[in-house]
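**Q** The whole structure should be built from the sequences, with the hints applied where relevant.
Protein chains in written order, with this note's numbering: chain A, 1 to 603; chain D, 1 to 129.
I should point out that these hints are in silico values taken from the structure, not numbers from a laboratory.
Each residue gets a CB set at the ideal place from its N, CA and C atoms; glycine is no exception.
Some clues are possibly wrong.
Simulated restraints, written as ranges between beta carbons of each label pair [said to hold, decoys possible]: (1) D:L13 / A:L252: 18 to 28 Å; (2) A:T534 / D:P20: 14 to 24 Å; (3) A:L440 / D:A120: 24 to 34 Å; (4) A:D336 / D:A21: 45 to 55 Å; (5) A:P47 / D:R59: 51 to 61 Å; (6) D:A21 / A:L252: 29 to 39 Å; (7) A:P150 / D:P20: 25 to 35 Å; (8) A:D336 / D:R2: 32 to 42 Å; (9) D:A120 / A:L252: 53 to 63 Å; (10) A:F362 / D:R47: 51 to 61 Å.
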Amino acid sequence: MRRLLALLGLGALAGGVVLLLAGVGAGARAGREVEVRLLAGRYEFSPPRLSVQAGDRVTFRIRSRDVTHGFAVEGTDIETTVLPGREARVTVPAARAGKLRFRCSVICGPLHPFMVGELVVEPNRWPLWGGALMLLVGFLASAGAARGAPRPDLTRWRPVRWLLRRRALQFALILPNLAVFTVIVLAGLIGTATGATNFATIFVWIAWWGLLVLVLVPLGGRLWCAMCPIPAPGEWLARGAIVGHRARPLGLGRPWPRRLQNLWPAFGALLLLVLFGLVVTTRPLVTALLLLGFTVLALAAHLVFDRRVFCRYVCPVGGLLGVYALLAPLELRAHDLAVCRECRTKACFRGGAAYPCPTFEFPGGGMARNTYCVLCTECLKACPYDNVALRVRPFGADLAVARGRRADEAWLALLLVGTALAHSVIKLGPWGFIKSWANLEAAGPFLLYTGLFLGAVLGALPALHLLVAWLSRTLAGARQVPVRRLFVDYAYALLPLGLGAWMAFTLAVVAPNLSYVPRVLSDPFGWGWDLFGTRATTWTWVPLAAVPWAQLALLLVGLWGSVHAARTIVAQALGEARARRGLVPVAGFLVALAWAFAVLYFG
Amino acid sequence: MRRLELLALAAVLLVVAGIPAAVLSYQALGRDAGRDDVLVVIRTAERGGFTPARIVVKRGQRVRLRLLADDVTHGFQLLHFGVDAGAIKTGTLKTVEFTADRTGEFPFYCSVRCSALHMALMGTLVVEP
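**A** Okay, here's the thing in structure tokens:
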């Protein structure tokens, strides 16, 4: 009863904060008429950030410094074109407190999608009250342990079991993606060099990335890997079959080098990808060459080595998907391990009626986490006892599994959180000079940016994390536990917040640029085609005013998941008795990280 | 099972070879249809300028130009025939029509500042007798 009252009270408090954020209770003030001279140039507005009071009417007098730009205020239908040599005038009513983003609305070059400016309408309470909500969430989530929830098996349902046993299932999933992939590579190689009008850049970095991070990963973990076209040609060649099961493969089947049987190759590849991220995601040719390169690499790997080593050890996206798959509500596991103990053939691992697990997992024995399971269902088809289940489970379930935590996965988790922060600064921020540096325009600035990026993401953040681990051990009085162990274990607590942050970041990048999707469907190569009559689309499907709310919700849910997981992980590492004290620095670190994102997005 | 395998192989080949073939043939066919219809792709001078930079027509011909701004916003002026398409935003197409009633060589320019070499961005319309 007391708990219910407390929960109700806190819920009311949270509701009150939300209402405050929405501007309820803020008296309507007679505002001033403010005039702002804005200079638009590639790729920022000058000044990049402005401050006005709620109730003001802001008249922008905008001039272009170089080529034709546009000016559009997110969340409104205010939009105008800024031609060189002519001043454009636009009045924006700054009714509610908060932050209004404006962006360039006429394609002006490769970094056009990231040309944004910020109008801060004071008093902007979002960072303060967002932080208060985060403290609240951190406090609430740190209480109580997880209760084991039932995990319903989807294969108990006949249609699902029938579908998953079809050998043609993987092919049916891969073929449409292979078709889209072909168009992407072709468009990148021979289509227009303008990223925003090329099918390659829009369909990889807006459509696919958006679907991946916002839908597939949170709901299905590594589900993309089951339908990815990149390893497919190599796998078909190495197996000597596209759909069927052949007993004798055609590839050389050599073992992958021992030294590389970890995620460090994937870590290195991901690091390179995010370092060159701005250039890769805005040039169609680079996107096409990247995908083609991965395909060739995967092809070679399949012909030389045994099984899907590219996906398991090398693919940078695989590294990302692998760690975030721990959070997914879907899992492929043995239904009854007692049956597996009696099994002589171990067909799920060794092969039999179907191929052995392509990522060397052992559902019948060691597989307790989602990290390396690509959901290809070969084990389900191979098992002679029909003992493999596809289960739905609570979010974040694998974070509680202590066995199998490794340094390479921990560093991936750290890299991903750091990159989310860094990319939010570079791509979503209004600071053009950072974008310039990251745009590989000159060697010197790019090296400076590289140093800063690596220093922050691989230096400062892990150092803070190490400090937190040490503080946790010290406060809990558990000096016998090695700090290195805590460094690795605690990194897993970063994953829910990391995914929440990536979802918030992706939403902010994808939503304003969604109108490019119908455009490139009609004119994939930028050659003046109009296949479906949608080449002139300018509307977006998502009401952009809702994006900050969605971002706040994602960060709060991610923070909840992280602190909740940290509670379990700290108890596992330091013992139940000392868990509360050991949790304090970890929860504090997580709240601080979440608040850093909030300040960046809303402040 | 064998038939399914062959079907799958056919589908893969259709996709990997068929899509590029379809794209390239559609583009080639599009060019030939409507001989008076000329697609002019406009890029900054640094990136190649007008493509084609030289358009040859016959005197008296009704000329239809489809102008596509490829990289940034461009303009188009062929003032000798009273053609001023104004600003053409990136990725958009504007069509202009006129009758080539005089012979000679007539320059056309970009009329919206698009790069440092904007002033050098020009092409020539050649009207033959």
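**Q** Of the numbered hints stated previously, which ones are contradicted by the structure, given in increasing order?
**A** The structure breaks only hint 7.
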